[in-house]
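> Residue numbers (the numbering used here), protein chains in the order written: chain A, -11 to 379; chain B, -11 to 379.
Treat each hint with caution, since some may be false.
Since the list gives no way to pick one copy over another, a pair counts as held whenever it fits inside one copy or between any two copies.
To be verified - Below, a list of computed lysine-lysine pairs in the DSS-like style, where the Cα atoms sit at most 25 Å apart:
#1 K36 with K3
#2 K106 with K77
#3 K281 with K107
#4 K184 with K356
#5 K51 with K355
What the hints contain is simulated information worked out from the structure, not anything from laboratory work.
There are 2 protein chains.
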Amino acid sequence: MKEETIYLDNAASTKVDERVMEAMEPYMLETYAVATSDFAYSMGIEAKEALNSAREKIADRLKGDSEEMIFTSGGTESSNLALKGAAEKLLEKEGKDHIVISKIEDFPVLNTAKVLEKKGFEVTYLDVDQEGFVDIEQLEGSLKDETILVSIQHANQEIGTLQDIEKIAEICEDHDVLYHADATHTFGRVPLDVSKIPVDMITLSSHTIHGPRGIGALYVREGTPLKKQMDGGFQENNLRAGVENIPAAVGFGKAVELIDEEENERLEEMRDRLIEGISSKIPDTVLNGPRKKRTPQNANITFQYVEGESITLHLDMRGIAVSTGSACFSKSLEASHVILGIGGDHERAHGSVRFTLGRFNDEEQVKKVIEEAAEVIERLREISPLGKGGE
Amino acid sequence: MKEETIYLDNAASTKVDERVMEAMEPYMLETYAVATSDFAYSMGIEAKEALNSAREKIADRLKGDSEEMIFTSGGTESSNLALKGAAEKLLEKEGKDHIVISKIEDFPVLNTAKVLEKKGFEVTYLDVDQEGFVDIEQLEGSLKDETILVSIQHANQEIGTLQDIEKIAEICEDHDVLYHADATHTFGRVPLDVSKIPVDMITLSSHTIHGPRGIGALYVREGTPLKKQMDGGFQENNLRAGVENIPAAVGFGKAVELIDEEENERLEEMRDRLIEGISSKIPDTVLNGPRKKRTPQNANITFQYVEGESITLHLDMRGIAVSTGSACFSKSLEASHVILGIGGDHERAHGSVRFTLGRFNDEEQVKKVIEEAAEVIERLREISPLGKGGE
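With the hints as extra help, turn the sequences into a complete structure.
This is the structure:
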């Protein structure tokens, strides 16, 4: 049964590519030493070479230097390190205490900012428009002498909106403020060139691109003031302690290597077909996020008069895995802060469904999803207490 | 060549057991969803069940409850969470600001304590005796009304000394002070029963027992005051944010399942043979740590008049991987703080070699290691500038 599942929740987690697993295996079974030549034996040196080669592959994709790439346990840790690390360092060094983020950041940035706020930092939460774009003028107006850092995501986790990070980075540079971008949902999928765009820190994730879980990275431009958050050993340029997860780093490197432009174009085509198919076959739908400036893999649609939770349940019974915009990583049934952030009401938030494409999806699956969704929505509306069905 | 390496550095990292890898695979290739039923599809529910089953296996080994087991990215993160989490919480709640650790803690505890000291906490560093045992009277005398937490390891990372944690836990309980034990080097190898011993928090690691890297856990007794350190989502009982590393958690659970008493006895026999063989065949050696009350897998020996670095290099050329006590996770050539802590001088520290046994070592290997070590030491002493050879 699992074999047949049409999995469209690749934003939360992806199937690991078998070639990634093959790449990892030797570092679990053969070259399993820690990455150090300090122990003075050759297996450690080989392990270190593998780690650094993975580091280079990942840095190359951003046109950065491998020494600017810090491995972490995942995107959550990367964003924690970026925000807390810069905030603590610049409060200590220069007495600065102001942070700017967008209202629709993912939880690692949003909740880290809230924790810093409780500790006494001032946080500005920037508004976004109906498609999820940050108000550039408001951003510029919010910056002041005390501003440490701006953290605005490259793309949104739910609605796929691609921010104009070139513009954002330029403004931050002009104001001498650090810029951190959460690129969890764009790394590998949408180009980002740090040799041209002055981003200072970038959160990267592996499990969103068919790499292993438990590994991520933070790109840290040389010279960026940053205080270590995980204390212990002196690994990762003395910015992140802990025995290096070499098998996962190697897998992450392989995952990056396996993504090419062709694949991203294929995802974009499937995304467009999915959006057009659903919009034309199913009445009363709203596309959340912009039509074009969105990640190639994301479609997020509100089906009016129906709850997202019911849709995912019914699609699951038909072998299709998607996610709702509500209650995402929260334990409560709170409405998505992203849909509310773009001006949607609770009903729109609760009726939203996120479809995220990945390498292992194909056109046939997209066709099937459109058909099944049309049936499910029709039936649910017939019994819906939210209006339409009762007419 | 790698096939033939005799690997005796199982304290730093172990070969992953193939049965562990087999257990992990389905969670990378089939049931790869995030661990939530919030998304309302069945793959997420299956993933959650796998995660909780792993959690139970690990908790069972300590006779704890699975809800008291928090997955982290490894032992380093676990110890960071324990120390910083308790310190921040009890400073905030009760104005307490004092921490007690031993001088020979591993870097995650030692350096986290130093960071807390810089932030204004008072830290007492307890002395240890010549075998590495904490001075129990000094411990008791150090506790005061302001004491938040005592962090004393179950066993030492370099010399294997097993502390009397029953006694330590009792004292902490009597004084109403939290007790955290780093059990990175004992979990699975030396029993620890939280239903009998009142330890509040325990750091656990997977990669030391033939499980995957990138995963660890912190046992947190119910009701322990603790402030979350990794902010973002609400995973792990809202004590550690980040998409759960289910394949690694499953692998960790399997690794725990695979250890039995028989294996630990076998390691202990090999350890004794190694210590006796080296002591009898090679003159001028010093066993670091106690003869009996040490972990079953650890032997740490100083070879006088020779540098540890040279020994590891020469053993490596003969296909034997061991580690020196010096420069362990540090980038510098500092002498081991453990050997200095037990009263050794720099020479003793630099001449120490740590042999750590694991599942894949056997009696034949131990015999070979003794023979090769004897030859290496003899040759090195002939050319040593440190004395002996020139006589």
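> Taking the hints in turn, state whether each one holds.
Okay, the hints, checked on the actual structure:
Proximity of K36 and K3 under a CA criterion of 25 Å is satisfied inter-copy only: 16 Å between copies versus 27 Å inside one chain copy. Taking the closest pair of Cα atoms, K106 and K77 come within 25 Å of each other both inside a single copy (17 Å) and across two copies (13 Å). Within a single copy, K281 and K107 get their C-alpha atoms no closer than 36 Å, and across copies no closer than 45 Å, so neither meets the 25 Å cut-off. When the C-alpha separation of K184 and K356 is checked against a cutoff of 25 Å, the pair qualifies neither within a copy, at 42 Å, nor between copies, at 57 Å.
Taking CA atoms no more than 25 Å apart as the test, K51 paired with K355 passes in neither setting, with 37 Å inside one copy and 51 Å between copies.
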